[in-house]
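Protein chains in written order, with the working numbering: chain A, 1 to 658; chain B, 1 to 141.
Treat the hints as calculated values from the structure; they're not laboratory data.
Note that the Cβ used here is the ideal one computed from N, Cα and C, for glycine as well.
Do not take every clue at face value.
Under 8 Å between C-beta atoms, here's a sample of chain A residues computed to sit facing chain B [what the hints assert, rightly or not]: (1) Val116; (2) Ala127; (3) Trp136; (4) Tyr166; (5) Asp192; (6) Arg194; (7) Ala230; (8) Ala459.
Which stretches of chain B does chain A cover? Using the computed rule of at least three CB atoms under 8 Å from a CB of chain A, they are [stated by the list, open to error]: (9) 72-82; (10) 109-117.
For each label pair, taking beta carbons as the anchor points, the in silico distance ranges come out as [unchecked claim]: (11) Arg108(B) - Pro650(A): 22 to 32 Å; (12) Glu41(B) - Pro642(A): 45 to 55 Å; (13) Leu329(A) - Ala139(B): 53 to 63 Å; (14) Glu546(A) - His110(B): 20 to 30 Å; (15) Glu546(A) - Gly76(B): 44 to 54 Å; (16) Ile97(B) - Gly432(A): 57 to 67 Å; (17) Lys29(B) - Ala392(A): 31 to 41 Å.
Listed below, chain by chain, are the residues.
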Amino acid sequence: MTGGAPFVAGLGGVLLFLAAGRGLVELLPALRERPRAARLGYSYLLGVSAVAGSTYLLGIAFDIRIGRGVVLAPVVLLVGSGLAAWLLRRRTPTPRSPTIHPPRTAVFAARFAFGVGACIAVGLFAAALTKPDLGWDGEMSWSAAARWVRADRSVTPRALADARAYVTHPRYPILMPLAQVAVQETFDVGDDRRAVKPLYAAFFPALLLVLFDLARRQAGTCAAALAAVALAVVPVLAFNDSGGADGTFSDVPLGAFFGAGFLLLLGRARTSEAVAAGLLLGAAVLTKNEGLPFAASALGAVAFLAIVGRPTERRARLVALGLAAAAVLAAGLALRAWQSHIPQRFDEDYAGRLGQVSLVREARARLPLLPGAVMKEMASREDLAGFPLAAALILVAGAGGLRRRVVPPIVLCITYCLGAYVLALLLSTWGGVEQVHPTWNRFLVMQLSLPLGVLLALALRAGWRSRLSISRTAEQNAVTRVRGATGPRSRGSRRRRLVSRVVFLAFAAFPVLLVGLFASYRRVQVSTAPRAAPAVPGSTGSPWKEDASLTGSVDEPAEGASVRGSLTIRGWARLPDRDLEVTVFIDGNERASVTHRRLSRPDVHDALPMLGDCASAGYEFVYAFSAKDSGPHEIVVLFRTPDGRERHYPAREFIWRN
Amino acid sequence: MPGVALAALVLFLAASLPGALDASRSRLKSAGRERALDADEALATLRGQDYVAAIRRIRDVLPEDSEYLLLVGTPGGADVFVRFDLAPRRAVSGGAIADIPHNVTLSRLHALPAWTVVPRLDGPGPRLVATRLLAEKGALP
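Pulled out of the complex, with its shape left as it was, chain B reads as follows (with noise of 0.2 Å):
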C-alpha cells in the first residue's frame, strides 16, 4: 500500500513537470524579448498604448496629492486599474456612470472634487472631465 504513494507522485510528476518547465521556459524566453522595455512600454504590453497614454495625460493634470471623482462599476474592472495607476491620487467614489444625474448634482458640487475620471480599459481608455460639466448636463459630455 505504501508504495501507491510513490506511485501517485510518480504520476503526478510525470504529468506536471513539463508543464512546470515549460512554463518557466516560455518566461525566460519573452522576457529576452522585453528586458528593455521601459515602464511606460512594459504597461502597455499588458493594457495598450492608448491606455498608457491617457494615464500619462490625467497624471499630467491631476498632482500626485489631489483628489479625483472616480466612477465606479465599469465593465472589466476598470476603476480599480485606472485608481491604481492614479495613485497616490485618491479618489473620491462617484458612483455608476448611470447614477450620474443622482449623484453629481449642482447643488452636491461644493463636496465633490474638481475633476471627474471615468474609467476605461479599451479605446480611448480613461477620461478626465470637469466634474462641473457633469453637473450641469447630467450625463457623460
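Only chain A is shown next, with the shape it has when bound in the complex (with noise of 0.2 Å):
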C-alpha cells in the first residue's frame, strides 16, 4: 500500500464518523441550534460512538459478521434521517433568534484559540497520516484487538475467546478497535498503521471544539478560549504516542465521550442534551475499563446537581439524569456479557482483587507513596510543560469565579473519578505506586480534560472580568441567558447553603461506603462457598512409574483456598542433578495454561542444599478463569524424570470464581 491509500482512508474514515454524526445532531435540537464549529465537535463524537457502539452491540445481542455493510447502514440510517429532518424543518418556517455581536476582544480570542488549535492540529494529522508509531497500549491491546475482530469478523474473535491465546489485557473494551475496523472495512484498506491514526487524532480538535463550547456556555467566549488555547498547548494531548491523539491509545477518545457526557448534563436539562450524553457516556462505558466508574461519577454529580438544584428544574433534571443512566446501564450489561465470553487472563483485574486485599492495608503501604510519585510526573517538563503549575494558580487565584452551581458537582465527579484512580492503585499487582508513572499524566490531561476545561474557563474568566472591566455587554446577557438554571448561586438561604454543604459531603463519602461494602460482601461470599468432593485424577495404565522420593512442592494456590479471577499454580520440583518437568492436571484434565515459566527458588537452596543450583527449580503455571470454572476444583502436580519416573503430589482443592 503506498502513502495515498492511508491518506484517502484516515481522512475519509473520519468524514465518514462527521457524516453519521452530523446526521444525529440533526435530530437533537439542544445540539443543532449551536454553532457551526461546536456541532462539528459534537459529531465527531456522537458519530464514533453510533457506528462503532451499534456495530459493538448488535455483534453483542446477535453475534453479526463484522463487515462494510455493518459499518455503512447506522452510517447511511444516520445520514438519511438527519437529511429528512432538516428538508422538514426547512419547509416550517421557525422565528430567528435575535443576533447576538460579541464583543471584539471575545472575536479576537476565539479566533485565536481557532489558530493555535488548527495549527496545531494540522501538524497531528501530518504525524498520524505517514508515522507509524501506534504507542505501546496501542499494539499491545487496542490495534492488535482489531486485527483480531477484522480477520473473524466478529466482536468476540478467537484471539479473546480463546484462553490459550496470549492476549494482554483481553476484556479491555474494544469501541475504537471497533471504529478502527469500521475504517479499514469501509475504505477496503489492508494492515497499513497510518490508516487508523487520523481517527485518533481528530479527537484532539474535536475534545477542543467541544470544551470552547462547553465552557462558553459557563464562563463566556473570552475565558472558554483561553481555557482552550491552554489545553491545547499541553505537549502530552496531542504531541505524545502513549495516550495522546497521535497513538492509538483510547484515553483521548474516553476524555471526550466522557467529559463532554458529563457537562451536557449540567446544561438545561433538555432532552435532547440528554439523549446526546447518554450516548456519549454509553461510549465512554465501552472504551476502556475505566469507563464504566467515570460514567458512574458523572450520574453520582448530576444527582447531586438534580437534589440540590431549584426545585422548578428538579423534574426536568431527573428526567435527563434517568434518560443517561439507561444508556449507561445498558452499556454496562452489554459490556458485561461481552466480558464473560472473554477468559480473563495478563491483566491486573482490579475487580477480582477486591475483596481478596486489605484494601487498608494496601492505603497505609501505598498512599503515602502516592504525593511524591504524583508530583515528579507533574514535575516533567516534557510531558506538560508546567501546565500544572499554571492551573493550580489560575484555579486559586480566580477561586473568585468558582463559586457557580455548576462548580460543585463538576468537582464532586473528579473527586470520584480521582477515588476510583486511587482504588486502583490500592488494588494493583504493581509494586507501590509504580502504576502512576503510566497513567497519572493520562489520567489528569486526557482522561479529565473536559471537566478541568470549564473549571480553568470559570477561573480566568474571574480574573477577565476584573482586568477588562467587563460590563454586562450583549454576549454576558446570552452566556446568562444560556446559562439558565446553573446561573450564580446568590439568592439562597444560610440553611439552604448548609444542606447543600452536607448533601456535597454525604455524596462525597458514598461511593467510599459503596466500596467498603461491597469489599466485605465480596470476603464473605468467598469464605461460604461450598466445596465438593475431590475427583481423583487417573494414573491407571501410565507407563510411568511412580516414585515418592521425586522432592517437589505444591505452594500455591493454599489447601482450601479461594481463587479469584486468573489462578496461579507455584511450587517447586528438582532433584540434586536437574529440575523436574512438571505437569498441572485441573480436575483431572491438563489445561492449556496462559502461561508457564521457570523460577528460582533460593529458599529451596538454603533449606535443601543438597539439591544443588535452584536458579529454575520453582515453576509457576497462570490459567485464565471463565464463567464455567466458577465453584470447587482439584488440582494435582505431576513431577517427572527423563528416565520415566513421576510422582502425583497430593491432590489440593481450592475454590474459584470470577
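From the two separate chains plus the hints, produce the assembled complex.
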C-alpha cells in the first residue's frame, strides 16, 4: 500500500464518522442549535459512538458478521434521517433568534484559540498520516484487538475468546478497535497502521471544539477560548503516542466521550441534550475499563445537582438523569455480557482483587508514596510543560469565579474519578505506586480534560472580568440566558447552603461506603462458598513408574483457598542433579495455561542445599478463568524425570470464582 | 488576585505555545518527506529494514488463521511488537527463552503449535523456528 491509500482511508474515515454524527446532531435540537464549530465537534464524537457502538452492540446481541454493510448501515441511516429532518425543518419556517454580536475582544480570543488549535491539529494529522507509531498500548491491546476482530469478523474473535491465546488485557472494551475496523472495512485497506491514526487525531480538535462550546456557556467566549488554548498546548495531549492523540490509545476518546456527556447533563437539562449525553457516556463505558466508574461518577454528580438544584428544574434534571443512566446501564450490561465470553488473563483484574486484598493495609503502604509520585509526573516539562503549576495558580487566583452552581458537581465528579483511580492503585498488582508513572498524566490531562477545562475557564473569567472591567454586554446577557438554571448562586438562604454542603459531603463519602461494603460482601461470599468432593486424577495404566522420592512441592494455592480471576499455581520440583518436569492437572485434565515458567528458588536451596543450584527449580503456571470454572476444583501436580519416573503430588482443593 | 490567573496563563502560553507550534511544524516537514512511503517502508522507519523483512518472511510461512508459540519477556518488549505485527495470527505463550527446556519439551509437543517465533527488535529481527527442534535441543538452535 502506498502513501496515498492511508491518506484516503484516514481522512475518509474521519469524514465517515462526521457525516454519521452530523445526521444525529440534526435530530437533536439542543445540539443542532449550537454554533457550526461546536456542531462539528459533537458530530465527530457522536458519529464514532453511534457507528462503532452499534457494531459492538449488534455483535454482542446477535453475533453478526462484521463487514462493510454492518458499518455503513448506521451511517446511511443517520445521514438519511438527518437529511430528512433538515428538509422537513426547512419547510416549516421558525422564528430566528436575535443575532448576538460578541465584543471585539471575545471575537479575537476565539479566533486566536481556533488558530492555535488548527495549527497544532494540522501537524498532528500530518504525523498521523505518515508515522506508523501506534504507541505501546496501541500495539499491545487496542490495534491488536482490531486486527483480531477484523480477521474473525466477530466482536469475540478466537484470539480473545480462547484462553490459550497469549493476549494482554483481553477484556479491555473494544469500541475504538471497532472504529478502526469500520475505517478499514469501509475503505478496504490492509493493515497499514497509518490508515487508522487520523481517527484518533481527530479527537483532538473535536475535544477542543466541545470544550470551547461547553465552557463558553458557563464562562463566556474569552475565558472559554483561553482555556481551550491552554489545553491545546499541553504537549502530552496532542503529540504523545502514549495516550495522546498521536497514537491509538483510548484515553483521549474516553476523555472526550465522558467529559462531553457529563457536561451536557449540567446544562439546561433538555431531553435532546440528555439523549446525546447518554450516547456519549454509553460510549465511554464501551471505550475503556475506566469508562464505567467515570460514567457512574458523572451520574452521581448530576444526581447531586438535581437534589440541591432549584426545585423548578428538578423534574427536568431527573428525567435527563434517568435517560443518561439508562444508556449507561445498557452499555454496562452489554459490556459485561461481552466480557463473559472472554476468559480473563494477563490483566491487573482490579475487580477480582476487590475483597481479596485488605484496602486498609494497601492504603497504609501505598498512599504515603502517592504525593511524591504524582508530583514527579506533574513536574515533567516534556509532557506537561508547566501546565499543572499554571492550572493550580489559575484555579487558586480565580477562585472567585468558581462560586457557581455548576462547580460543585464538577468537583464532585472529579473527586469520584480520583477515588476510582486511587482504588485501582490500591488493588493493583504493580508494586507500590509504580502504576502512577504510566497513568497519571493520562488520567489528569486526557481523561479529565473537559471538566478541568471548564473549571479553568470559570477561574479565568474572574481574572478577565477584573482586568478589563467588562460590563454586562450583549455577550454576558447571552451567557446568562444560555446558562439559565446554572447561574450564580446568590438567593439561597444560609440554611439551604448548609444543606447543600451536607448533601455534597454525603455524596462524596457515599462511594467510599459502597466500596467498603462491596469488599466485605465479596470476602464473605468467598469464605462461605460450598466445596465439592475432590475428584481423583487418573494415573491407572500409566507407563511411568510412581516414585515418591521425587522432591517437590505445591506452594500455591493453599488447601481450601479461594481464588478470584486468574489461577496461579506455584511451587518447586528438583532432584540434586536436575529440575523435574512439571505437569498440572485441574480436575483430572491437563489444561492449557496462559503462561508457564520456571523460577529461581534460593529459599529451596537454603533449606535443602543438597539439591544444588535452584536457579530454575521453581515453577509457575497461570490459568485464565472462564464462566464455567466457577466453583470448587481439585489440582494434582505431577513431577516427572526423563528416565520414566513420576510422582503425583497430593491433590489440593480450592474454590475458583470470577 | 484574579489578575494572577491571567498572568499565570500568559506565562504558561509564552513558555509552551512556541514549543507546541514548533512540534507541529516539524511534523509537517517530516510528513512531506515520508508521504510517499508504502506500509512496509513506513514501518521500516520505525523498526528497521531487517525487522520488516523478517516479519514478512514469517507472515509468508504462517497462514493468517494459525497459531504460533511466542517466546516472551524479551528485551524492549519485542514480543509485544512482534505479536502485533503478526496479528491476526494467534500467539500462544511459550514462556521466556531461558525456560525453553522446561516449557518446550517432547512430552508437551502434542499440545504446542508447530512453529515458534523468537522475537527480537534489533539485528536480524524475529526468527521462526520449528517447535520440535526447540523441544529436541532444549534451547534455541
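- Which numbered hints are broken by the structure, listed smallest first? 10, 16
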